[in-house]
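Please put together the full structure from these sequences, using the hints given.
Residues per chain are reported as follows:
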Amino acid sequence: MEIILSIVLIFMIIGALFALHARDLLSALISCGIVGYGLVICFLLLKAPDLAIVQIVVETITLIIMIAVVLDSTRHELEKTAIEKKWKSLINSKALINVLITVIIGIVLLYSFRLAITHLNPFGEHILRMSEAYLYGGADKTGSANLVTGVLFDFRGYDTFGEATILFTAAIGVLTILRIKGRK
Amino acid sequence: MTLFILCFVLFLVGLYGVLTRKNIIKIFIGLSFMEFSTFLFLVLIGYIEGGIAPIISKNITNPVYVDPLPQAMVLTAIVISLAANAMLLAIAVKIYKKYGTFDIRKISNLKG
Amino acid sequence: MSWLITLFVILPMTAAFLIPVIGKLIKGFQKTITSVVFLFLTVLSLFFLFDGNTEVYSYKIGGWEPVNGVPIAIYFVIDGFTILMLSIINLIGFFSAFYAISYIRRFTAENNFYTLLCLMVGGMNGVVMTGDLFNLFVFLEIAVIASYALVAFGVEKNELEASFKYQVLGGIASLLILFGIGLIYWKTKTLNIADVSDILKYSNDRSFLLFTQIILIAGFGLKGAMIPFHAWLPDAHSSAPSPISAMLSGVLIKAIGIYCIIRLFFNMFIINHEISLVFIILGSLSMVLGVFLAVGQWDIKRLLAYHSISQMGYVIIGVGIGMMILANNGNKSVAALAITGGLFHLINHAVFKSLLFLNAGAIEYKTGTRNLKELGGLFAYMPVTYSTSLGASMAISGIPPFNGFFSKLLIILAAIKGRFYLVAFLAVVVSIITLASFMKFQKFSFFNKSSITEKPKIKEVPFPMCFSMIVLAILCLGLSLLIFPGVRETVLTPVVDILMNTTDYSSTIKDI
Amino acid sequence: MSNLYIIIFLPVVAGIILFAFPEKIKLLKGIIATIISAIAFLFSIKLFSVSPQLVNLDLFSSIFTEGTLPWEILQGANKFSSFNIDNLSKFITLTICFFGLVIVIYSVAYFYKNHTLKNYFPYFLITLGLSAGAVLTDNLLFFITFWGILGFTLYKLIKGYDEESSSTAKKTLIMIGSSDGIMILGIGIIWKVYGTFTISELNIPTTYPILTIAFLSLLIGSFTKAGAFPFHTWIPDYTRHAPVPSSAFLPASLDKLLGIYFLARICAHMFILNQWLTFLLIIIGVMTLIFAVMMALIQQNYKKLLGYNAVSQVGYMVLGLGLGTPLGIAGGLFHMINHAIYKSGLFLTAGSVEKRTGKVNLDDLGGLSKAMPVTFISALICGLAMSGVPPLNAFASKWIIYQGIIDFGKEPGVANQLWIIWLGLAVIGSALTVATFIKFISGIFLGRKKDHLNKVKEVNFLMWLPGIILAIVCIGIGVLASAIVVPEFIMPLTGKFEYIGIWNPSIVFVLILASILLGILIYLIGNIKNFRTEDSFIGGEKSQEETSFPVVEFYKTIRNFRLFSFIYDMAEKKWFDIYEISKKITLYFSHWLSKAHTGILTSYVFWIFAGLIIMMIILIT
Amino acid sequence: MKGMSSIVKKITQLLSGMIFLYGIYIITHGHLTPGGGFAGGAIIAASLIILVLAFGGDELTVVKRKEGSSVTESLAILAFLLFASFALIIGTNIFFHNYLPEGIIGNLVSAGVIPLYNILVGIEVAAALFTIILAFIIYKEEISK
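Chains as they are written, first to last, in my numbering: chain A, 1 to 184; chain B, 1001 to 1112; chain C, 2001 to 2512; chain D, 3001 to 3621; chain E, 4001 to 4145.
Be a bit skeptical, because a hint or two may be false.
[What the hints assert, rightly or not] To spell it out: a stretch of chain C is covered by chain D in this simulated footprint if at least three of its residues, at any positions, have a beta carbon under 8 Å from a beta carbon of chain D; those stretches are:
#, stretch
1, 2166-2172
2, 2204-2214
3, 2225-2231
4, 2363-2375
5, 2438-2449
Worth flagging that the hints you see were computed from the coordinates, not collected in a lab.
Yeah, the Cβ is synthetic: ideal placement off N, Cα and C, and Gly gets one too.
Okay, here's the thing in structure tokens:
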């Protein structure tokens, strides 16, 4: 289990690196989508089918929006500049310093993270506390066979309400931002 | 532990994208990787070895379920990130209209 | 109290959901319902604040009782701090909404503005009331996503750029917070703040605790704009429409930044020496660098925005000193004084900074510019704006008898008493530079003849804007009374008690 | 103590109520203000007869029913509201109320048809009440609050609409506000060490560095208010740009009274000075004395000239108080009173001149003595008093200070050994003061009358009355100094001291005379070449510009002297102005920091994670 | 915005109905099988989106649809809130109380208000996502003009 997941994750990381370095924005988006679908596989492996369904649909919709954004606006421009700077960027000291600092940040974060999680439960040996009540006896309380839905809509229905509100907010926000004229 | 470390590496890759890429879309992609890794992290926490998906079926006796709470949290978080991403893309579209570029070095009217 | 407390979330949300539907049919519906809802909530929160009941109260959503002593429901936790924050949020929300009645006429899509404002206030109310980590995150996101949209409300170049930066940095902050919550869940297997605190009490996993705490400091510090996490603030706060700037600077950074930090680090984590040192250092940095950045600005709203960073530094210092003394088992009365000073300054800052942003909005509304170099001589044409902004400027610079003086006094006295001489000295220096930069604001906008004053058409802003500014200016004076023990005991002392008795929080809530 | 209510709170409450009245009935507001000042004055006389005591006031809480919120608030305030009626404070209160009354009479006339300053009278009354409160209170927190509000009212009393005066207003409030902030530090340290805010309980030795810092920070507060070097720079600007009644009321009288009162309080009551602090005070006193009067010498604007003069006189007070002996303190306090009297008188006459002529430069004026005789006489008497001519009041006070310095030299100590230097510098300062006085009087009232001044008439009764009252008081105090004033009023403040009677010939008397002669000499040397008051004819042309203004030439002579010219150049570039220096430093930092905000998102993200990993490196690893 | 070729249109017509039905299934069985309001709502939104993408449609109809979907969204979430606070009104004083009978686990009609919440959230999510996409489309139409 751990090994399969690790392999998927490594593929996701490689995909992510490719997405960040792709010259063409569209291919970057596609690889980003692939990483997203890799996440779906992880969810399925981790016994989270609800999440897998949501993630696959959300990823698709996000991809549609992103491609709609990128398709006829920037791809061309970026390609051109990317080819021009292809050789320059390799010896660009500023970019190199940026990368170097990022790597240092990454190493420090990784090291502290490693240090921080040493005494926590290792993978697969989770102990229940709050969700024990949700799992065993939760179904009797809510009447829902799908325990995630039970948690989502009953025990933590208030969270779900907040989540729906966020979508509502985002819809209103997008409508607000995509106005042509702001002031009369 | 390896999985958590790998998951965190994905986070760092996203961070690397945010820190070094100059294109709005690339930054956006970097942010999504960070989101992915956080979601995965939460679900990894809740996994129990040998557990089954938290859906009750009458065929199994004495079932061990994986923790549904992180799943519920991630579900919420996915939708939240969808909302945030939609907003960010809307802004990106408008910015492209006004500035004519996705290069953040040129989108620096506000400074000082 | 009981179920009335749920109205703080239900009413703004209902208003927000109704406006897109009914707002199209009935003209003026959006303004009316927003103002009415906020006014009602203000009155309700003030009623709770002054009813003399200082008990901690918790409300279990869905009615789920704890199982084996483990809380499973999402809790609303209502204590003095919550009520205080609710009062501030809804009060400033009301004045901003009322002010916006005239101000927002110049913009299109008024309905969306009010919807988002309601959502933002509802989100913040949710954040301060909740006793659950993940719920806190959800409502925090409602508030910030609404604020992203509101910052970009003008959809011009600068607004969009500001909103973009705000979103990217805010997104990073949200991720860090979510990551921190994940770590806490991993450790404690629970999300209820009281329960988490109960478990962390017996934990001595130092590196885990520090890692989580730092991640959360960075996350909430980004939302609360501490230096070095501040960079989005001046852009966002200066680009938003003025009532929104007032909300952002006056309330949002407190409700989702400072409040969360105080709540989590006092009542959830065990307070320790290192973290309180981090707070004092970050607070001092914010205070000093913020004011140095502010004093060179020529854009009014940018100047005010940088001052928000600096003033939040005072709050953090006050609270941090209290935390440090508590962590070292020092003199409790000094810790109480420091925390009182910090919280008092938080209230004061909400009032005077909102007022200043409303003033800036009034100036921009009439003259069309925010550049101090182009302004001048407005005192004769805009007397209300002038006198209210003078009051607010004096308040923020710490000139008695305005409220800012007393809170700064408390913080400085506590810093000296707690042997933080350097911090006290810096606080005084920052106060002086603040005064200087606000005298600059006063001079260049209201005196100092310039081309703008020759235009005869400038006159005072319409009534709703004036009304909001006048009442806030009166509050600037009136809040000074909080220094006196009579009022302080009803308003501030319950809050300080809750923060001082750090571990009582969890036991009280779990007992209920 | 109903006296205290009337003196402190009646003016404040009345002032707040007066805000509600419209500006149109300004005359009525002025009359109400006059009546209230008069009442306050009467009660301050009554208070003067009260024996020293500590009073705990019950602040109005009887108005409200018990248990209500306002009642609770006032009960809370009562914990701090202890007032200390001792000899010093009741004496200062008396003088404050006296000046308030005199100046408000003048103001009614001055502002009658002058619409420049809004809400003058409300702010005036609030200032009056709060000053009395600041003097009488026994609690440092109450004190700092009152003191801070005074800074605000000071700001509001400058009209400040145009470029220049608004910068002055800005500068004034920044300096005063800064000093208040620094005082909070001192108060905090006192509270930290002694755990009390009650002034009368304090008697602090300045042996530890921290207590010295407390003393110094309180000292900065008092210096800024009184206007001692190097915190004096707001005073000349203020007097130049503010309306004259404001200048007469605040920098000339009230702020001096308060600042020196507080200086006396901290030097004599709250702290026990060590010899280095004494040394510091004396140095500052002498520097203030010399530098300010040097600056006054070269001023063209007579209001600014008076402003610098006001600063230089502070030097005497600081010097006197710095000596720390009863004689010195008595001299300093006595000089403070005298200075307030004659300087207010001079400002009021200056105001009358400005009101009638509309000119503020000495170059544009001259020969007004016949047109404005009463003003001239009061200005002359006040000016002579300033120069220390016997038998006027300042003669007596300067004389006590000189005697104090001589006595001081008899004690052991670092500063004591140098007494002859202090004495010499004080005499030189006095001499230069005479020169400025002559410049002022001759520039305005003597010399040839300009054509455009032909229509100038005497000001009305209400405007010359305060000036003449003050002039009479000058003479009165001077004549009665050794008989009544010093034993009855000054001695209770400091305890009995021995001093040599005024009319006895002594070395001091000679010194004062010498200083006057020296001053006249300096003036004459400066103008010896063209000391003419009549028109001169050069080649048939009237050469008025060249010759008829001794004032200008005098100024130029001093100005062009090589050593001085360098210093003056520096001063004009504001190298000595602590405000300008701090401003430059601040703006430099500000510029440097705002350059770091490049507007590029990536660098902002870098900051965030840099902060994050720095915290991690320090705390975790 | 122009539509695509007729083959695409035909297939989309066939497919979108199925996807729509699948979405409805996911929503209604949210308390029994994996999925729920969010997943189903997003699927329904996707089915509508592919219709719009395939068929295009002039601006007017799109604007009309957007208005409709945004009102639907508001109403759905309002109804959700009303359901949630209904218990407050009927006297139990509990926010988000599951006041309907729970029924037997595994039946379609069970779990009290959860299916209702699921349906409302499904409508809300579908409408919100559809609104967002339409906003983008309309914006593109407007700036290309």
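Query - Within 8 Å of chain D (C-beta), three or more residues of the stretch 2204-2214 of chain C - result: holds (count 4)
Query raised in the report: How does the coverage statement for the stretch 2166-2172 of chain C fare against chain D, requiring three or more residues with Cβ below 8 Å from a Cβ of that chain?
Result: With 3 residues close enough to chain D, the hint holds.
Query - Given coverage of the stretch 2363-2375 of chain C by chain D, tested with a Cβ cutoff of 8 Å and a minimum of 3 residues - result: Violated, because only 0 residues of the stretch 2363-2375 of chain C bring their Cβ atoms closer than 8 Å to Cβ atoms of chain D.
Query raised in the report: Within the stretch 2438-2449 of chain C, is the number of residues with a Cβ closer than 8 Å to a Cβ of chain D three or more?
Result: holds (count 7)
Query raised in the report: Three or more residues of the stretch 2225-2231 of chain C near chain D by CB distance under 8 Å?
Result: It holds: at least three residues are needed, and the stretch 2225-2231 of chain C offers 3 whose Cβ sits within less than 8 Å of chain D.
Consistency note: the structure conflicts with earlier hint 4 alone.
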